[in-house]
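Participant: Residue numbers (numbering that gives the first Met the number 0), protein chains in the order written: chain P, 0 to 327; chain L, 0 to 320.
Quick list of in silico lysine to any residue cross-link-like pairs, SDA-like style, CA-CA up to 25 Å:
| hint | chain 1 | residue 1 | chain 2 | residue 2 |
| --- | --- | --- | --- | --- |
| 1 | P | K259 | L | E254 |
| 2 | L | K23 | L | N13 |
| 3 | L | K199 | P | V262 |
| 4 | P | K243 | L | P261 |
| 5 | P | K283 | P | S299 |
| 6 | P | K259 | L | D260 |
| 7 | L | K199 | P | P263 |
| 8 | L | K199 | P | P267 |
| 9 | P | K243 | P | S306 |
| 10 | P | K259 | L | L319 |
| 11 | P | K259 | L | V258 |
| 12 | P | K173 | P | R89 |
| 13 | P | K173 | P | Q56 |
Label-pair distances were calculated between CB atoms; the ranges are:
| hint | chain 1 | residue 1 | chain 2 | residue 2 | range |
| --- | --- | --- | --- | --- | --- |
| 14 | L | R106 | P | L311 | 50 to 60 Å |
| 15 | P | R198 | L | D294 | 24 to 34 Å |
| 16 | P | L260 | L | A298 | 26 to 36 Å |
| 17 | L | D97 | P | A125 | 44 to 54 Å |
| 18 | P | Q201 | L | P309 | 37 to 47 Å |
| 19 | L | L149 | P | L57 | 30 to 40 Å |
| 20 | L | L144 | P | Y293 | 26 to 36 Å |
Just so you know, these hints were derived from the structure itself, not from any lab.
Ideal Cβ positions, reconstructed from N, Cα and C, are used throughout, including at glycine.
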Amino acid sequence: MNGALLSVEDAVVDLPTPRGNLRAVDHVDLAVGAGRTLGIVGESGCGKTMLSRAILQLLPRKAKLSGRVIFDGQDLTTLSAEKLRKLRGRSLAVVFQDPMTSLNPVLTIGTQLIETIQEHLELDLAQARQRSVELLTAVGIPAPEQRLTQYPHQLSGGMRQRVAIAVALSCEPKLLIADEPTTALDVTIQAQILDLLAREQQRRHMAMIIITHDLGVVAGRTDEVAVMYAGRVVERAPTPALFKQMRMPYTEALLAALPKLDVPPHTPLPAISGRPPDPTRPLKGCSFSPRCRYSAGRCSTEKPRLSPAETLEHLYACFHPIAAGSGA
Amino acid sequence: MLQAASDPLMKVENLVVEYSVGGKTIHAVSDVSLEIARGETLGLVGESGCGKSTLGRAVLQLRQAVSGKVLFDGHDLTTLKGESLRKMRRRVQLIFQDPIASLNPRRRIGDIVAEPLVIAGVRDPEERKRRVSEVLSAVGLDPTLVSGRLPHEFSGGQCQRICIARSLVLNPEFVICDEPVSALDVSIRAQILNLLEEMKARYGLTLLFIAHDLAVVKAVSDRVAVMYLGRLCEVGPSEQLFARPAHPYTALLIEAIPVPDPDVRPTMSVPVGEPPSPIAPPSGCRFRTRCPRADARCASEVPELRVVAPGQFAACHHPLI
Numbered sequence: 000m001n002g003a004l005l006s007v008e009d010a011v012v013d014l015p016t017p018r019g020n021l022r023a024v025d026h027v028d029l030a031v032g033a034g035r036t037l038g039i040v041g042e043s044g045c046g047k048t049m050l051s052r053a054i055l056q057l058l059p060r061k062a063k064l065s066g067r068v069i070f071d072g073q074d075l076t077t078l079s080a081e082k083l084r085k086l087r088g089r090s091l092a093v094v095f096q097d098p099m100t101s102l103n104p105v106l107t108i109g110t111q112l113i114e115t116i117q118e119h120l121e122l123d124l125a126q127a128r129q130r131s132v133e134l135l136t137a138v139g140i141p142a143p144e145q146r147l148t149q150y151p152h153q154l155s156g157g158m159r160q161r162v163a164i165a166v167a168l169s170c171e172p173k174l175l176i177a178d179e180p181t182t183a184l185d186v187t188i189q190a191q192i193l194d195l196l197a198r199e200q201q202r203r204h205m206a207m208i209i210i211t212h213d214l215g216v217v218a219g220r221t222d223e224v225a226v227m228y229a230g231r232v233v234e235r236a237p238t239p240a241l242f243k244q245m246r247m248p249y250t251e252a253l254l255a256a257l258p259k260l261d262v263p264p265h266t267p268l269p270a271i272s273g274r275p276p277d278p279t280r281p282l283k284g285c286s287f288s289p290r291c292r293y294s295a296g297r298c299s300t301e302k303p304r305l306s307p308a309e310t311l312e313h314l315y316a317c318f319h320p321i322a323a324g325s326g327a
Numbered sequence: 000m001l002q003a004a005s006d007p008l009m010k011v012e013n014l015v016v017e018y019s020v021g022g023k024t025i026h027a028v029s030d031v032s033l034e035i036a037r038g039e040t041l042g043l044v045g046e047s048g049c050g051k052s053t054l055g056r057a058v059l060q061l062r063q064a065v066s067g068k069v070l071f072d073g074h075d076l077t078t079l080k081g082e083s084l085r086k087m088r089r090r091v092q093l094i095f096q097d098p099i100a101s102l103n104p105r106r107r108i109g110d111i112v113a114e115p116l117v118i119a120g121v122r123d124p125e126e127r128k129r130r131v132s133e134v135l136s137a138v139g140l141d142p143t144l145v146s147g148r149l150p151h152e153f154s155g156g157q158c159q160r161i162c163i164a165r166s167l168v169l170n171p172e173f174v175i176c177d178e179p180v181s182a183l184d185v186s187i188r189a190q191i192l193n194l195l196e197e198m199k200a201r202y203g204l205t206l207l208f209i210a211h212d213l214a215v216v217k218a219v220s221d222r223v224a225v226m227y228l229g230r231l232c233e234v235g236p237s238e239q240l241f242a243r244p245a246h247p248y249t250a251l252l253i254e255a256i257p258v259p260d261p262d263v264r265p266t267m268s269v270p271v272g273e274p275p276s277p278i279a280p281p282s283g284c285r286f287r288t289r290c291p292r293a294d295a296r297c298a299s300e301v302p303e304l305r306v307v308a309p310g311q312f313a314a315c316h317h318p319l320i
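Chain P on its own, in the form it takes in the complex (with noise of 0.2 Å):
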């Protein structure tokens, strides 16, 4: 995409296991432009927040990264520690599930919220004090004065995941990560907190990435959806355009195999058979293909290329695709 905020080239994550080397992330391109939402989903195992973390240069420290991450003009890989410090927390934000390990538990919401802004910012600290108010405000929490003094085991999931998203918000970021924002909460408190995400990205014009496992999540809050399996990207499209005709077959097992409310109960769920590759054994061909059911010929010895489809901008990497017009 040209202009675009971020664009990950040709990302690859490698880690070594006592099992052997595992790539997380095998070949990933992404780009998302300011003011967009991009949904990136998958799997527990699919290398979906060892991208956000090659992406915010927080990988462990044995990963090896090879590939570009160019954020607002500059590639991230090539960048100082000190100068990635100064980018992470300004322009450069990230909301994780848990609030608890964002969080400093020995400190204030006040002084962790202050910290940051004077940390980035050249605010005194009455401004900083008075901008804290001011954001615990904005994601919706009542009597942010008082909430200033508490500790955050002082303050409910879906509080603390307001703080955390204060926190990320503190310098007018322009690039937000949410992984998994609302994994860790009750589903009234989800909606509220997607919401919250949802208004203050349009109100700053910010880029966003939501990483989810979640289909019905990234459908009605993302512009672009990109679905990741066994490291890679596989199926890539605006998402009204993904969910009107998805062409990967695990994109639409994955949908299929959600349980649905308007489905009588005890109707056989179409579930996907076995489970994803080992990642320290590296299949040849599609790494789907031991579980799919258009699986034939080359797909268990030669791996698709992510691909366009009929238009430029749906991508996916599949020998036997949907085809066009049928199902979803």
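Chain P is fixed; fit chain L onto it per the hints.
Facilitator: Just chain L now, with coordinates in the frame of chain P:
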């Protein structure tokens, strides 16, 4: 009043469970009554902390009730002790959320699945082996391949299969499934849900299926009970309850589910806040602090479960139907 059928296998009457944490009392289950008919699956939904797991444990007498009765096949489990309780428990089994944590990491699968038989006094090793092989095959695992292996050699989905096999080895009549699929990935979840349905048909089970995910609950349940902060809000036949919820909380839960369809625009939801603490639940209707329909009566008077449609009951002063 909550008559499920003429032949209830499990009957919970006015059950109250409380526990104290740091000198404070948590009202986990407050005056809950339920019936589950023989061969039925009752889904129990609610958000974390609503008391649904505590209710499941109290039914099994793993958590002592303050008051109320748990009638299983006519016997009040709350009054049973020692050997007679153990005997009754064989007929009731439990499957947990985290399949990996539920299996002893140092024991072999064959021994794990055989343990309930050992405890139940099945002395003949051949008989035990035969039963273990039968249930392992039933859940889709090859007994000769898996019996000698350790839990860490299996994925989460396979561990849940092993847990299900273990719960079936004593031929129970009633199985409580407490969030059995919420730790599993979407593609594995469907396999396990289908397996539970198959096992139910094959062994003639009655199920109490506890989960927070409404779509999952609907997929397997004949009737659904909705819990909020220790109380039942609504009970009814699955299809009917999802098509026409009577309690505003049920409606809110249904509304909040993200739908995998971009044409269904997520409603910018009403600010509904968070559930209050079960240490000091609101007076009257416990949902009133988040309810758009709440008025003065809701604060003063606890709503009773009342019939709102055939087979459907709601505890609300201002039901939606």
